[in-house]
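*Asks:* For reference, the chains in residue letters:
Protein chains: 4
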Amino acid sequence: MSLPYKYQTLPIEKVFRDPVHNYIHVNHQVILDLINSKEVQRLRRIKQLGTSSFTFHGAEHSRFSHSLGVYEITRRICNIFQQNYSSEKLGEEGWDDSQRLVALCAALLHDVGHGPYSHTFERIFHTNHEEITVAIITSPETEVYQILNSVEAGFPEKVASVITKTYPNPQVVQMISSQIDADRMDYLLRDAYFTGTKYGTFDLTRILRMIRPCKSGIVFAINGMHAVEDYIVSRYQMYVQVYFHRSSRGMEVVLEHLLNRAHELFPKETAMLQNTAQLLIPFFKENFSLQDYLRLDDGVLNTAFNLWSETSDLILSDLSQRFLNRKPLKSCRFVPEVQDNLISQMQQIVEKAGFNPTYYTAINSSYDLPYDFYQPKLEKHRTQIELQQNDGTLVELSQVSPLVAALAGQEQGDHRFYFPKEMIEERLQNNYDLFGETYQSFASHIHNGELI
Amino acid sequence: MSLPYKYQTLPIEKVFRDPVHNYIHVNHQVILDLINSKEVQRLRRIKQLGTSSFTFHGAEHSRFSHSLGVYEITRRICNIFQQNYSSEKLGEEGWDDSQRLVALCAALLHDVGHGPYSHTFERIFHTNHEEITVAIITSPETEVYQILNSVEAGFPEKVASVITKTYPNPQVVQMISSQIDADRMDYLLRDAYFTGTKYGTFDLTRILRMIRPCKSGIVFAINGMHAVEDYIVSRYQMYVQVYFHRSSRGMEVVLEHLLNRAHELFPKETAMLQNTAQLLIPFFKENFSLQDYLRLDDGVLNTAFNLWSETSDLILSDLSQRFLNRKPLKSCRFVPEVQDNLISQMQQIVEKAGFNPTYYTAINSSYDLPYDFYQPKLEKHRTQIELQQNDGTLVELSQVSPLVAALAGQEQGDHRFYFPKEMIEERLQNNYDLFGETYQSFASHIHNGELI
Amino acid sequence: MSLPYKYQTLPIEKVFRDPVHNYIHVNHQVILDLINSKEVQRLRRIKQLGTSSFTFHGAEHSRFSHSLGVYEITRRICNIFQQNYSSEKLGEEGWDDSQRLVALCAALLHDVGHGPYSHTFERIFHTNHEEITVAIITSPETEVYQILNSVEAGFPEKVASVITKTYPNPQVVQMISSQIDADRMDYLLRDAYFTGTKYGTFDLTRILRMIRPCKSGIVFAINGMHAVEDYIVSRYQMYVQVYFHRSSRGMEVVLEHLLNRAHELFPKETAMLQNTAQLLIPFFKENFSLQDYLRLDDGVLNTAFNLWSETSDLILSDLSQRFLNRKPLKSCRFVPEVQDNLISQMQQIVEKAGFNPTYYTAINSSYDLPYDFYQPKLEKHRTQIELQQNDGTLVELSQVSPLVAALAGQEQGDHRFYFPKEMIEERLQNNYDLFGETYQSFASHIHNGELI
Amino acid sequence: MSLPYKYQTLPIEKVFRDPVHNYIHVNHQVILDLINSKEVQRLRRIKQLGTSSFTFHGAEHSRFSHSLGVYEITRRICNIFQQNYSSEKLGEEGWDDSQRLVALCAALLHDVGHGPYSHTFERIFHTNHEEITVAIITSPETEVYQILNSVEAGFPEKVASVITKTYPNPQVVQMISSQIDADRMDYLLRDAYFTGTKYGTFDLTRILRMIRPCKSGIVFAINGMHAVEDYIVSRYQMYVQVYFHRSSRGMEVVLEHLLNRAHELFPKETAMLQNTAQLLIPFFKENFSLQDYLRLDDGVLNTAFNLWSETSDLILSDLSQRFLNRKPLKSCRFVPEVQDNLISQMQQIVEKAGFNPTYYTAINSSYDLPYDFYQPKLEKHRTQIELQQNDGTLVELSQVSPLVAALAGQEQGDHRFYFPKEMIEERLQNNYDLFGETYQSFASHIHNGELI
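Residue numbers (the numbering used here), protein chains in the order written: chain A, 9 to 460; chain B, 9 to 460; chain C, 9 to 460; chain D, 9 to 460.
Some hints could be false.
Put simply, identical chains are the same to the list, so a pair is met inside one copy or across any two.
The list that follows gives simulated cross-link-like pairs (lysine-lysine, DSSO-like), each with its CA atoms no further than 27 Å apart [said to hold, decoys possible]:
(1) K46 x K206
(2) K338 x K429
(3) K97 x K276
(4) K206 x K173
(5) K429 x K46
(6) K55 x K97
If you're looking for bench data, these hints aren't it; they were derived computationally from the structure. The structure displayed is predicted, hence computed values, not measured ones.
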């Protein structure tokens, strides 16, 4: 007679070799089954960093490997909590290990609703990866749901509620989602490893030694303050050096225009799009099912671009080629509001040079990117990082770390105006014709990377 | 007035951040233009290790990053040769730096003809990535050709001849292709980094300190013998631990059967395949152009599998799902010839259980994989590794290293029989029906991973 | 006929395997001879971090390995300068490679005057390692002088003037001594490596890509700003986490009291000290020659402590044992001036418990430690770090980096009161006698590591 | 009321930052007390690799850090054994966790009897570090004994018997001492880290995943075979590249001659040696106590050499200077027996050149070094490495690994003849005098590093 599914462990621990955490350890049958589900396997076909791999060629890792990593960090936190701070010893300040399975499932599944190039795709087709994550977990048609529901009735909804932060146990919620959670810790380390930058590297082992459960969630021992500081600085460095990189954003605006163009063409070019992008049709119609969504991946989009690159619509085919062959729009910094008029002028020059400014220029602000920096003073603030002093009282990190206060007090990022590379090519400016003049006048407005 | 294209260097050296070599350094306009060509950019969409990433989830790196790495190692070798062993000093024993550009181009382009899941694809559709590499380099229609031809007339052919090993300068040829060339050195280090195994790691800096040009090609200083040994051992470890991994091969056989099935269905299912795999039609017809080939990538194949997974042919749809959702065939080792009859019996049992053995069993020998181990005694032997003694005489590596002799003298690898996982699932064996018996009889033939 | 000594290079480059820089490369005969000189070899017997190895057991590296490291970074800077920014191309803004040898010699020798546990030793015996460095370089009796003088007459003085910062070429001076020089870059990386902390790690390769000579010295390209920021943060982390560690300082105060005691005992215990510490006599007399100084090393001091640990003076023997057997004084933070009276009271309690407060208590401020943090606004400020913008103008780092501004604006470190561990041992406080009360009253003044 | 000492754990786990294992974790009060004992602290003053740090300048780590490392690996093995293979589950095939404390103590103390430059010192003064280890553990006068004896009566003897391999539990014995024990695993990793070579690096985590207790000791799962192979190859590489390095051995022979000379001088130079090397007198007399031995460390010897370098005996002072200032004897390989006559001739030439051959030449065979390579076929063989197959049967490693068989079957190492560097200095050979001829005749017998 076998144990209930929920308690089934593997006869021999299964491991996955991982370059960041050395090994991912799996002991629960439930977790192994989730990893093998088709909704999770699909994450292998979606890059973690989208267009960033065009700038950092090593960063070709998938959302699958990140999901395993978040699971693994969560597992290690559970182990530490259970060993040192169990609720058996500490009551409600401590960790109740019966929460482990829900935490591990939520960690593994927290990104399961991501699609290809999510950030851009969502803006154009009005999908929402967080809602889809919840849908995948709670819809009876998915393998993920079947597995979770075999644990016990209502379990899928429990896991989903961790992700929507409505789960009653704040320790579980904050493990997966807070200013210093398993998600952020994994992606910083992983993105640093695969880009080959050193900036995202912080001392995970030391952070994990300093993490503590408490009644209100998760805190850090005060003598780990410098380790937490180091994590915050790593995050800052990854933002300014990797996530906000101007070339990756130059590819992102190409992608956005390209998808927009296809979307707009749909009513009159239905047949062509049907033939070249069968799996995207439900999204052009803005009427898609969960199954439609689950068939998308990076390859599906790239294959559409591949086919579109030979289509008769010149804008669609040109943008498709620019994307596939990595021809990002170029950019300069500008000051919003103050320079809005100038932007209009620049767009007119671009138009004069023969480029439709709707598809060949763009405004892009790194502030819009989906990375939240640590700003405890924001009105609708996110979870704070709190340190636990020797006598048990808590203090917010930026109160004791001038370094963090300095980083938290300022906006990071920039506003950029994007345009075709041709506008600033020396070769073209030297033409002794009208176009030459056009290019020259454009270039004269850019100095030291800034609009003037 | 500007320099001839061939001599144009970038005003500021351009670098690409690389996790393996820290930075890839580009100084020549020609190299930058080649990297930006669409044929090279296409390599971003083809994984370096094919189905191995199903086993090692970190190994999602592309042939693009490997190509940059081979270029970089070649560049470093050229620098060392020019600094210490120039032909100006050493005559024909030395390095003639006017060979640098042809070496760099050949290094960067040596894999440009690879397609998606090359090894398997080639067997089924009778393509050949080496011939296609040469075709890309020497066909006037490609961007790569245009760039190379701007260097000077005949230059594309020169570069191609390095790859076909007919180029007259053996130093250049052996940099790119020999037992210890820039290609192998990069892929061992890179595959080790991305899989997260340590085995492939050897001391590149030390190897580069010991490398020497000579009249007949490239040799190593005798006092670097242990560093070369270490490289050979790393190679051995990567083969047995990574490249020959039974699960990756279990995915490969699924892929092979899947493509075979589609190929065979083509005559009668032409319309369906036209609708779902437009870009593969020329290959089903075995009549493809270079442009047809250049439109292929991993995403194109995966998208076809995605669409096939809902097609009416049950074998095609099932195999497509198995591939996308990572359901490898399982395997056991067997002894060819001796156990051939037993294999036939096993296939019959598989058939009894309801699986068509043509598509659900396979024989796979790691000896067929495209990795050559170091075997200097083979009749049609590959380049040897030679060490230069203090008095200038050469000695073949396995003559002085018992460690290498031990590795070189034996065949590495194994022969495996693949079958559906269902055949050995405990759950199914315990059914009290005819099928239960079938499964039991199958399982009884496998002991300790071997066929008995 | 051979070249003048100054131009002699080694027939084959000599390398030293180094865990931090991989290899130290030596090409000049002069440099190899300096490394082999007895004054430089002596640095093998002096630990780089003094008492810090009592806290970080891996940090047992010597000043010898640091000296090689500083040399190597300087060599790499010279290579980059010569390749990209030579004065042949850039005039006085550029690098004049005839300065290379003086720079390399100064780099290798910049710490040659250090003695055992320098910081403490100097305070007690009024030696000065910088003056002694100059003396070693410019005294005809040393091997170092002999070698330098063979380069050309006056060369020793040139090298010394780099170290005293009176050398006319500011590029050479700032390579060896500025806010971001080869010295600091090596010790941060090296100390991080050997302590096993990750904090000191910054991206040396990237910093070296961004470094530029200019007329006034050395600056950094503006687009390397974040790499320089990262270096500053690493430095901050190393100070607060390693260099200012309270336990290392607890060993340092033991050492200081111990040497002080011996010094004070000298007049009446001359014979005993003569027998046990022959090589220290000139220092007790405060009348020492350069040769006397050059015979000192960590082992000489430790051997004296070894012998003193069995001497009849109880304080000297007890402190010697505490030092050898790693029994640091314990400590708490306090507020100078405000709590000076309280300190006196505490010292009285210590005395009541039987410890002479002169030798068993101490005040130690990390501000006195020989590490300068980056504070460009200090009146007598140190060299600033300047960034070069695209148009060539310079800007001071903290003007553009809020992160650095935050770190530069504040004092780092703390003031600590040190006392015997016995004062806070639970075991002793629980004695039901007068001593028990004494210990209790002492302990009651310490809360959360602070004096109250 | 407190627990018996044996069961006392620290209120908060104490950690030591370690560059090799990240953290050393201490939970038992007994272990912390042992670390703080003066006999263990003394190991801080003894280098792990003796004269090897003259060749690899980073390798300045002490026997203290190695001892912590061996303890830590043992602790990890105990954790894995207790978690997965406890005797509660597996009976006598499993691990009995009541053995943990004796294993940890033995691991920490296994090298506590080492003295300065042990290998050489022992040969001259007939000390034996293994016997002294046992003496330290079992002599009531030591702090180590006091601590162990507080655990329970007879406990010191238990710990000692693990080291002498007479302890009845073979699992405990083999953890500390076998072909793949915590000792070897730590020193390979640690020596690789500090020398900066990569050769000693193997995959510790994977090895620890594969290690298993069994009735007869410790074995490895068969599917970890390649990880064990990798460890064996790392060991081989460290031997040939680091431990057998000819320059380190060139310093060792200087040291040996130097100590021999002092020893021989003792009868007639007693007063001088008394004044300069007080702590060595008991050893010159070959009548020393345990306390005499415990006062020795590297600094004591170096300080004696320092004082001897100005003594009137020319051989003693010259050899002392050669040692302190790193002037190794040079060497060439030779064939014992076959070339013994030639060696005699060479020694005569050395004598002609003015060097006493007893003190200025030497024969050194790496086979005499205290490193045992894996040779399962030796008559008096050491513990074998055994692999456990799926059905529980054991197979000796070299039976299944041709790589290991190749390494195990051959003798590694070489025989060298050492002589003064002056004998082969070009400068001296070019003298047009009798000495010139002498040097020339010497040099003519050496070709390609071999005696001819």
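*Asks:* Evaluate each hint against the coordinates.
*Replies:* Outcome of the hint check:
For the identical chains of this complex, K46 and K206 are neighbours neither inside a copy (34 Å) nor across copies (30 Å), given an alpha-carbon limit of 27 Å. When the C-alpha separation of K338 and K429 is checked against a cutoff of 27 Å, the pair qualifies only within one copy, where the shortest distance is 5 Å, while the shortest distance between copies is 52 Å. Proximity of K97 and K276 under a CA criterion of 27 Å is satisfied in neither setting, with 68 Å inside one chain copy and 61 Å between copies. Proximity of K206 to K173 under the C-alpha cut-off of 27 Å is found in neither arrangement, the shortest distances being 32 Å within a copy and 34 Å between copies.
Only between protomers do K429 and K46 lie at most 27 Å apart by alpha-carbon distance; the minimum there is 17 Å, versus 41 Å within a single protomer. Neither within a single protomer nor between protomers do K55 and K97 lie at most 27 Å apart by alpha-carbon distance, with minima of 43 Å and 44 Å respectively.
Consistency note: the structure conflicts with the earlier hints numbered 1, 3, 4 and 6.
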